[in-house]
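Using the hints, position chain B against chain A.
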Amino acid sequence: MPLFRPQGLHGDDIDFENTWSIIASAFKEIHTKNASRLSYEELYRHAYRIVLKKKGEELYNRVHQFEQDWLGHEVRGSILSLFSPNLLADAQSLGSTTANERRVAGERFLKGLKQAWGDHQVCMSMLADVLMYMDRVYCQDNRRPSIYNAAMVLFQKEILQSATSDVAGRVVLGLLNHVILDQIQMERDGDVIDKHLIKSCVYMLGDLYEDELESDDQRLYTTSFEREYLETSRGFYRGEAELLLRDSDAGAYCKQARRRIYEEEERCKSTLLEVTMPKIQKVVEDELIKNRIREVVDMESGVRFMIDNDRLTELNLVYDLNSRVDDKKDEVTRAVQKRIVAMGADVNNAALAASQAPAAAAEAGDKAKGPAQDKGLNQQTVAAIKWVEDVLELKDKFDRIWSESFQSDILLQSALTRSFADFINSSAFPRSSEYISLFIDENMKKGIKGKTEMEIDMVLDKAITLLRYIQDKDLFERYYKKHLCRRLLMNKSVSNEVEKQMISKMKIELGNNFTVKLEAMFKDMAISEELTAGFKTHVEGLGEKDPKRIELGINVLTSMTWPLETMGGAGDDDEGRRSKCNFPPSIDRIKRGFEKYYNQKHSGRQLTWLANMGSADVKAVFPKVQQRDGSTKERRHDLNVSTYGMVILLLFNELPAEENLTFEEIQAQTNIPQNDLIRNLQSLAVAPKTRILIKEPMSKDVKPTDRFSFNEGFTGKFVKIKVGVVSSGNKVESDRERRETEKKNDASREYQIEAAVVRIMKQRKELLHQQLVMETLSQLAGKFKPEVNMIKKRIENLIEREYLERIDTAEMDSYRYLA
Amino acid sequence: MWPSLRYDIVESPLIKAVNIEEFCDLVLTCGDKTFHVHKAVVCAGADFFRKASQFPVGKEAEDKVINLPDDDPEMIRRMVMFLYLLDYDPTASSDCERLRRIKHCYGPVEQASHYHCRFNTGTFFGSEPAPGNLQSNMDCACVVQIPKDTLQPESPRPPQAPQTGFQHSRGQYTVQAANPLTIHATMYALADKYQIAGLAKSAGAKFKSCMQDHWDSEDFINAVQIAYTSTPDTDRGLRDVIVQAMKDWFKLDVTAMEGAEDKLGTMDELSFLLLKSWPKSTPQKGFGTQNGFGGVPMKTEKPRFGSRYQ
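Protein chains in written order, with the working numbering: chain A, 1 to 819; chain B, 820 to 1129.
With the rest of the complex left out, here is chain A:
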């Protein structure tokens, strides 16, 4: 016989009912909180035996029934007792209850529910401990939910889904949602609520599921509460947005919107579950921002107002809100761009107005005296400089907004740049290239006097900043060359160093190609200095010093590099006529001397003398006349005149006193172009302070029939007298000049376009028309933006000249390169 009783339980069938009653009574004690000193081992053992005896299912069902009864009777009853009229009062019938009454009733309900839920969880976890063996063996083998989970579902069904007596016919769950939402609404309205209590109930909803599958998206919190919460929040914020738009300004709106977003974020952390955060944020963002941002931006107190009044904080708020709902920040960008273009247009118009008013006056008095016109042009220069400074100020303003309000956003930066380029290159304002060049010119001549290196650097950088926006770089180059040319030849630059700095800055910004010709100009100047010095030594070496020797300062300019055609003032001058100026013999001698000297050094080079651009110092002796103090003495003056002026004056050397020359005679003898002659005679005989000649009859205009004689009675306060010639400085061009400049520029553009087209075709051999245009545009983008029409014409022209041919067989327009 076996020595000990086998563990096996066969034979002695257990008495299920008896055993269950033991377990059930213990469970009852646990539920009624009466339990103490139960024997865990005994309860476990009973359950174990039942399961081992294959009665697991019966046990499971009994426990289930037990819980169902308990919840259905005891717990539901206690929940029902929490219902009060204040609790069941609908939010619509606000009149009958105050928020406070509702809050108190709601809290009582929440507390009761929280208590019931907490008890249920505690009891069920004890029951589950006792029934551990059943869970492990029976539930697992039969794929039943653990008894704990089953009991949670029961709570859902028996308690949360049980009907309430309120008017809306809600179940407890609906009521619970309603109460929580009501409390949240109270908090939104500024009340203090028991967040902790709500959170407990929210946790309960997070732990319970729609069904027994317990998939994540089936949580009651998600399926029931959250949905309602998002829905009511949407309604609330929609209303709030409307109210705010009506009653507040844009700044206040943004502040409130941001506060609401922050509040909802906090609410998810403190009162609800964090999974809701992105969803509620989206609701708030949709209602307060996305659907409204356009209105907010366009409000009277919107972005325009903020920009105009430098409301940097508010702009930052708008930016922040916009960027929450839109990565591209379209609305803010749109508004800012619009403002820039508008403010830019104002600046442009102001400059145009400032330049046109005196221009009109000058035109009216064109036939009158020169100095008036001079003054008018000066005013235009002032307008140009003011324009540059206004643009820079605008740029500073938006730069500050960008860095302080827009968090240095890259997208906005390029939008700002685009807008600045838009108004600077606006077709309604064709002067930006010229104005910028003039701004530099002005500073090179006067502006930088007495400034420190750093200040100068800042000025130069400002110019470069603007230069970046310029689309037609070729036009700027043209103006800059012209202005630089005058500065160099007339020795107007304050500092050669600063000129060179500017060039190197442009080199960095625009590349080597852009500055190569400008640098060549500097080189010519340096070589000319050497030539002048060399020639002087050469002449000294020739023999005895001639007291009447004329000193020659010469600038030899490479014709391709210097914008000579723009320097004559009158554009219709041509080379042939200019060279024909007859120099007096003494001048002619030294001219020939230099040509000889130069040819020795550089044989085969053609020198062309530009008499219209030189100047001369002439010592003039005026006969003795009675002075104010009664004495008489000869008066000597050093006259600084243009080369033409010198040629004219020398004519009078040979002329006996009292005799005169007619305009025609002067013209015949000197062969000075008529326009130049008129202007020079004006400054010598009409300008009040430099009236070295006397004109008959005395009038402001110079007519071919006028007669001129030497003014022996000339008086001047200073020994040195400068005889200015009209329009010799760098001034704003007149409209006619501008058309001229543009015409010349277009001619050079045509040439560049042709070069680009040929380059491209040489490489590609065959190409579609559209592609060719695109590539040409991109090749020239750094220099200027050609019109497509112009490209088309150039292509036609190249075909005529048999560089290209049309491919007739091709479906789309395309070309072939002809080698």
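Check the hints yourself; a few may be wrong.
To be verified - A few chain B residues that don't get close to chain A, going by computed Cβ distances all over 10 Å:
| hint | residue |
| --- | --- |
| 1 | E840 |
| 2 | G990 |
| 3 | L1089 |
| 4 | L1093 |
Stated by the list, open to error - Facing chain B, according to a computed beta carbon distance under 8 Å, are these residues of chain A, among others:
| hint | residue |
| --- | --- |
| 5 | L38 |
| 6 | D129 |
| 7 | D327 |
These are computed hints drawn from the structure, not numbers from a lab.
Think of the CB as a built atom: it goes at the ideal place given N, C-alpha and C, for glycine as much as any other residue.
The following block gives chain B in isolation, referenced to the frame of chain A:
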């Protein structure tokens, strides 16, 4: 090289503590036995004890005493041993020494009439395992410690046993138990009942190791009954071993007979004898002759079972 410190060289502090009943915070009682143990060990090792110690309204948690009135005190002793050492008696002769560390290692044991010798067939010579799934190269876990050395006669060597092979000789202070299968089956049930981590696996392996030397015994009948009545049907751990043993030694496929396996739980001695003699006509192939080194020269001419019950 670092000297590797292992608890088989250094005394485990926990074993020391349980031996001198130090820092014990839980008492297990079962019949006349009382075990002072550590919650940290016992509750971590078995879910049942963890829940019992934490049950908020239970007297166990309050008194820090857990009474187990329904179990065999000897088995509870083995369970405590396992919780501390991850082994219990009887065990393989090579593991026997380890168990001596804990003071709960001795218990009354019914000794087998003879000490059966045993050749290790597989480990060194790479031979095939014995028929079926039963790994005969495992050391039979039927050896127990005894406080005082007594002589247990060795059973005669089987005549067809090869001279080569590995034979465990009887160690000092050890004897072979008469009913290791019953013990292992009971421990297996205990593992299931109390959720003792690792015990089911250990007891199952030991049960299997003893099958080869002990299948032909009353111990086997009792063990079968325990296995089929004290674990849920779905637990195939011991059931599979038993079914395989039936196949290997009784030449009987129990699973092929409708409902036969369900009846194993109520099998008595007579059915067993009938079962055993049933397939005599089939020659017993494959024993000891499968390879050059000889297989398992287990089967003696005269079944031990017979000798005891004649």
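These are the hints, each one checked on the structure:
{"no.": "1", "hint": "E840", "in the structure": "holds, 22 Å"}
{"no.": "2", "hint": "G990", "in the structure": "holds, 24 Å"}
{"no.": "3", "hint": "L1089", "in the structure": "holds, 14 Å"}
{"no.": "4", "hint": "L1093", "in the structure": "holds, 20 Å"}
{"no.": "5", "hint": "L38", "in the structure": "holds, 5 Å"}
{"no.": "6", "hint": "D129", "in the structure": "holds, 4 Å"}
{"no.": "7", "hint": "D327", "in the structure": "violated, 53 Å"}
Taken one by one, the earlier hints fail for this structure only at number 7.
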